[in-house]
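Throw the hints in and build the complete structure from the sequences for me.
Note that the protein sequences, when read in sequence, are chains L and D.
Numbered per our numbering, the first sequence spans residues 1 to 292.
Numbered per our numbering, the second sequence spans residues 1001 to 1286.
What the hints contain is simulated information worked out from the structure, not anything from laboratory work.
Glycine is no exception: its CB is placed at the ideal position from the N, C-alpha and C atoms.
Accuracy of the hints is not assured; some may be wrong.
[To be verified] Not the full set, but computed from the structure, chain D residues with beta-carbon under 10 Å of chain L: (1) Arg1081; (2) Leu1082; (3) His1202; (4) Trp1242; (5) Glu1244.
If you want the building blocks of each chain, they are given just below.
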Amino acid sequence: MLAQQLFNGLLLGATFCLVALGFNLVVGAMDRLNFALGETAMLSAVLGALIMTETRVPFLVSFAAATLIGGGVAVAVYYVSFRFVSADFPTASILSSLGCGLVLTAAVTKAFGSHQRSVPDVLSGVRLDLGAFTVSGAQLVILLLATLLTAGLYVFLERTPWGTAIRAVSDDATMSGLLGVPVQRVILLTFALSGVLAGAAGLLTGLAYHSISPFDGFTTTLTALMIIVLGGLGSVTGGVLAALLIGLIQTLTVAYLSATLRDLIVFILVGIVLLVRPQGLFGRNAGVLERV
Amino acid sequence: MSSFNEAVVLQVGINVLLALGYWIAVSTGKYSFGHTAFMAIGAYTASILTLNFSWSLPLAMGAAGVTAAVAGALIGWMALRLSLLYLAIITFVFSQLVNLLISQWDYVDGASGMVGMTGTTVPLVLGCVLLVVGYLVLLSRSRLGLAHKAIREDERAAMASGLRITRIAVGAFATSAAVTGVAGALSAHQLMVITPELFGPHQALVIILYCVLGGVEYFWGAAIGAIVLSLLPIYFDWLNEWYEIVYGLLFVALMIVRPQGLIGRGGDGGIRLPRLVPRRERESVG
Chain L
1 MLAQQLFNGL LLGATFCLVA LGFNLVVGAM DRLNFALGET AMLSAVLGAL
51 IMTETRVPFL VSFAAATLIG GGVAVAVYYV SFRFVSADFP TASILSSLGC
101 GLVLTAAVTK AFGSHQRSVP DVLSGVRLDL GAFTVSGAQL VILLLATLLT
151 AGLYVFLERT PWGTAIRAVS DDATMSGLLG VPVQRVILLT FALSGVLAGA
201 AGLLTGLAYH SISPFDGFTT TLTALMIIVL GGLGSVTGGV LAALLIGLIQ
251 TLTVAYLSAT LRDLIVFILV GIVLLVRPQG LFGRNAGVLE RV
Chain D
1001 MSSFNEAVVL QVGINVLLAL GYWIAVSTGK YSFGHTAFMA IGAYTASILT
1051 LNFSWSLPLA MGAAGVTAAV AGALIGWMAL RLSLLYLAII TFVFSQLVNL
1101 LISQWDYVDG ASGMVGMTGT TVPLVLGCVL LVVGYLVLLS RSRLGLAHKA
1151 IREDERAAMA SGLRITRIAV GAFATSAAVT GVAGALSAHQ LMVITPELFG
1201 PHQALVIILY CVLGGVEYFW GAAIGAIVLS LLPIYFDWLN EWYEIVYGLL
1251 FVALMIVRPQ GLIGRGGDGG IRLPRLVPRR ERESVG
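What follows is the structure in structure tokens.
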């Protein structure tokens, strides 16, 4: 029982991790938060589920479609809420992306209704029995895709020229620009990547719960915020660890305490972390108060 | 006054109070993304007092203001030392926390809400607005108001000039929370029914929009923003259906064209069109 819950928790954490990575990429490149990312995830998930139920294409095709839609929406949000918004007003892009999120949620409810949308199961015949716990086909797919995307992102950031450029821009945008890095294009790339991750996370979370609600977007943003505060703003490793931790805490709370306490315990944990270690549990830079 | 006009005046008056309360926090440059938490605290405190302890409304409003101020001071003390991004996150989380706690609290009927508060009258609302406007007029002519402005414009310079910026900012935040709490109490006794959902993120965004639409430089900018935005949906019915889309787009358009709000100067004055090629990628601080 405990082993099963631990596994479920890690699985939940793996999907959280994707959105949190998306947030962290953008924070790294621009020092600004894209508050519409949760809604981006929701929109891609709803469209992905719609494609799957309407056209009966294999899951992987609709998954690819969801990631592409996520990337596209994130790029659109970049142009609307970041590119043409003055950097002199730090709140401007926060408010603007919150507004984008409102519009996305309202547009989805207007176009497709506000009901919960079911996500068809995948690999429903598969069931791995590993002694202490069992893994269903859907869980296997989630685990594989989430791991693949996280590992792929890591390799991309560490081993490719564009990944190096992203890290350079998060380190010092002015200096990278002077050294010939096309900063605007790199920022655009980080937004597209964050959207791809959000789209993937949205559909995978939908698969885990077998349903998607158009009002999930905001919850996703909230969870991702908890994760990046806990893991340290802009820290990729911290984000991954914090996502797994929050996934575990939420699952164990629901399993052994009560479903209503799920968010409460995470909120309290985050509050304590903000008071005691504002740079996050895994953040290294103690100068975060100066920097952010 | 017809009951329709009365309802309009009450609604607009309460929204103006919310905007002015929010403006007090913003006048020090500290944006909260969870001011509905204080509204909820005020609304529930006052409702419990009038319903279960049969206090009179003005007395209960006072208590609501004090409770909200205490909560505001606590959150401000926690969050205002941190930078804008963290302040945004922590206030946001706080409002979610308050919402969650209220919806779990059986004494106030949890998510189904409290029913039966009455007694908000036009003189009471207008009196509160006048009181707050009076305070703000005095504030903007006082050294404290100047200190707020200094902190908003440049925190480091303010600190270097000997201002105790954390104390001033926390004070402003608590005052802001108090006004918001009183507005919450009034709105609870006008709506006659309150549920935690009323104090959700949408309401928080609307309060911010009141302020940023009018501009954060002068308090009457916030008041005008509140008046305009509360009258629009009343007199344009079709807006109700498109409410969220219109408000969302308003945010987006406003931030591109006039991030400093309709009223107020933005650096060199006049309407600046955004540059197609931004001048610099990122401002390095420190």
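Verification of the hints:
no.: 1; hint: Arg1081; result: holds, 7 Å
no.: 2; hint: Leu1082; result: holds, 6 Å
no.: 3; hint: His1202; result: holds, 8 Å
no.: 4; hint: Trp1242; result: holds, 8 Å
no.: 5; hint: Glu1244; result: holds, 4 Å
No hint from the list above goes unmet by this structure.
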